[in-house]
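Peer 1: Sequence:
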Amino acid sequence: GKITSNIIPYAVFLLVFCMLVCIIMNIPAVKNRLKLSGSNNKVYSVISALIILVVFGILIGCYLNEVNLFDGPAADDYLYHANEKITVIALTAIFIITLAVIKKENAVVQPVKNKVYLYLFAVAAGLIYAYSFYLPNVYSTDYNVYHFDAYFNTVYSAVNGVARSGLNSGVYGYYALILAPILKLIGGGINTFMILMAALSAFSYMAAAYVIIELVSNNAVRIMAVTALIVVNCSLHTGVYFQLVPHRTLFAGIILAYLFFGVKRKYCYKPVYIIINVCLLMISVIWNFETGIVYTIAVAAYYIIDNVKKYNFKQAGLYTNTLIVVLALIGTIAGAWVITGIINVLMGGSFISIKQFIFPLMNSDYFDYLRYEYQKGIVAWLITAFFGLFFIGNVFFNSNLNTGDKNIDDSRYDAFMAVVAVMALGQMTYYINRTAYGNLTIVHFTTVIMIAVFADYCIKNYQKSKAGYLSILLKGFAALSAGILLAMCAAGVYNYSYVEGGNELSDMRNTEVYNSEIQHIADVCAKDTKAIGFSIPMVYYELGWDSGYYFIDFADLDVYPQSLEYLQNELDNIDEPIIMDYNAHYTLTDKGVNLDKFYERFELSDEFTVGSAVLEYWVPVN
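Heads up, the sequence shown is in the numbering used here, so the first residue is 10 and it goes up one at a time.
Read the hints as simulated data drawn from the structure, not as lab findings.
The beta-carbon is built from N, C-alpha and C at its ideal position, and this holds for glycine as well.
Heads up, some of the hints might be wrong.
Restricting the straight-line Cα-Cα distance to at most 25 Å, the calculated cross-link-like pairs of lysine to any residue (SDA-like) are [what the hints assert, rightly or not]:
1) Lys318 with Ile283
2) Lys94 with Asn123
3) Lys364 with Lys323
4) Lys124 with Arg421
5) Lys112 with Leu29
6) Lys539 with Phe395
7) Lys318 with Gln528
8) Lys536 with Ile195
9) Lys323 with Glu223
10) Lys473 with Leu29
11) Lys273 with Lys319
12) Lys275 with Ile263
13) Lys606 with Glu579
Listed next, with one range per pair, are the computed distances between beta-carbon atoms [said to hold, decoys possible]:
14) Ile98 with Val533: 54 to 62 Å
15) Tyr140 with Lys364: 33 to 41 Å
16) Phe79 with Asp537: 41 to 49 Å
17) Ile98 with Lys323: 36 to 44 Å
Given only the sequences and the hints, what does the whole structure look like? Please build it.
Peer 2: Structure (structure tokens):
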């Protein structure tokens, strides 16, 4: 029962960092020393240039190392890894180009007078992004069937009005309670579900693009960042895997956009704005507790930081207002739990316990099952951590805790960026505890926003600095961060045709290849024939049938051992025809279910091939 997790040391490190920065950066003597100047000291200038070169080397090392990591990409999937020498030369060229362009300030600084062109560009990119999620042929490979069942199983249960219980649960939250009413309203099959998820994903993308377009002033950085947002799913991801993107990233863009809107318009303390904000956060917690609580903490961090900018250590307002924010945070999470419990009661179930609501955070077996060791060496998560810690350090540097400075910047954009940082570092707990390299895409949106704002900041301040070691540092970091965005865009364009070609070869968007066979099942078998297996939730959703069995998805049966006990009893005693997914036999046997008695009493009557899924129709022996 002991939980072993990478999250604990990671969380302790972040807390200690924030406390130290909060204290040290608000000591007036230290604060004054940290105010950089444009000194022309040649030694400092050489050191600054060396720092930039070292960081460039670290970034190259990070790129080269990703193929050696657990779940890292292969040259077969990421084509630019096929010839590393050429790619490293290309990355070096990108750095030189961005450095040269940044020096020509007129080429990148002039703002677009009418932002409508930027938004039209974002809409076009958003449509491509949405299209990348529309992959309705989930039966194309065993991989897709396996992972889509893990995500869709709970949606199928909710659409059929089945309440959550000890058996009928899900690993990824209560998102099905949000999706089910929409799906019942619009109807359709898996094809419609894919369209809905693509639309939600595009909305989240447009929200993130709004933040970039409004917060970043440099047009080149804006365009690169808006494009970079779509790269992961469009060009670097194959197959159907919704558990990470869009599931765990959906509300990141939406909540950040709403908060930025409030900061920009100075609405953050207006009652109606706060009510809508709390509702959004509660929905995000219901959708997925792991990420929802991170988003709630991130928004709460904005109001706490606002207090830090208003009050110093000696003022009571710092403590009373912070306490109010903490209570509001707890109330938001409690509200999401209560709403979920009420919905479950209305569906005919019992009120959900707090432990069941928080699952899988409260389940040690699930934590240990997914836990891996930290990935060693130069790894991309360290880059995200750097940007996050930079923006957190920056907001404490601008705080009022020890100074009593009444002339402190009141734009609150630094506080907003600290929220982005908190969100990124919080999201990354998912990766830190489950360090499969692909899981790092959970912080893609927030990382792109941080890189874009950092690049924009360096460009603006470099142009003010003009000379000295500070100019070299700012120019170098501007080129590096803008180069990261440009490299992402180049990688996306280069690899897009490969990913789309794979989708075409696998008939990922062809629904005709499975519709006829699903209809054949309806012609042969009685409606609502009992059924179990990986592909059953999808096939039965298409048919509008009731499978008769509702428990956790087949991929995660181990998480709830009582599901296996239930299935053992059912298969030992069932006396009517049943459809079983071919792969279900091996999964059940592997997990300890004995099928000998079932095989003695049943015989195979027919089988149906739906893509890679084989459904077997078993009938009792006469």
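Peer 1: Next, verify each hint and record whether it holds.
Peer 2: These are the hints, each one checked on the structure:
no.	hint	result
1	Lys318 with Ile283	20 Å, holds
2	Lys94 with Asn123	42 Å, violated
3	Lys364 with Lys323	39 Å, violated
4	Lys124 with Arg421	22 Å, holds
5	Lys112 with Leu29	36 Å, violated
6	Lys539 with Phe395	53 Å, violated
7	Lys318 with Gln528	64 Å, violated
8	Lys536 with Ile195	23 Å, holds
9	Lys323 with Glu223	36 Å, violated
10	Lys473 with Leu29	30 Å, violated
11	Lys273 with Lys319	18 Å, holds
12	Lys275 with Ile263	18 Å, holds
13	Lys606 with Glu579	11 Å, holds
14	Ile98 with Val533: 54 to 62 Å	60 Å, holds
15	Tyr140 with Lys364: 33 to 41 Å	40 Å, holds
16	Phe79 with Asp537: 41 to 49 Å	43 Å, holds
17	Ile98 with Lys323: 36 to 44 Å	57 Å, violated
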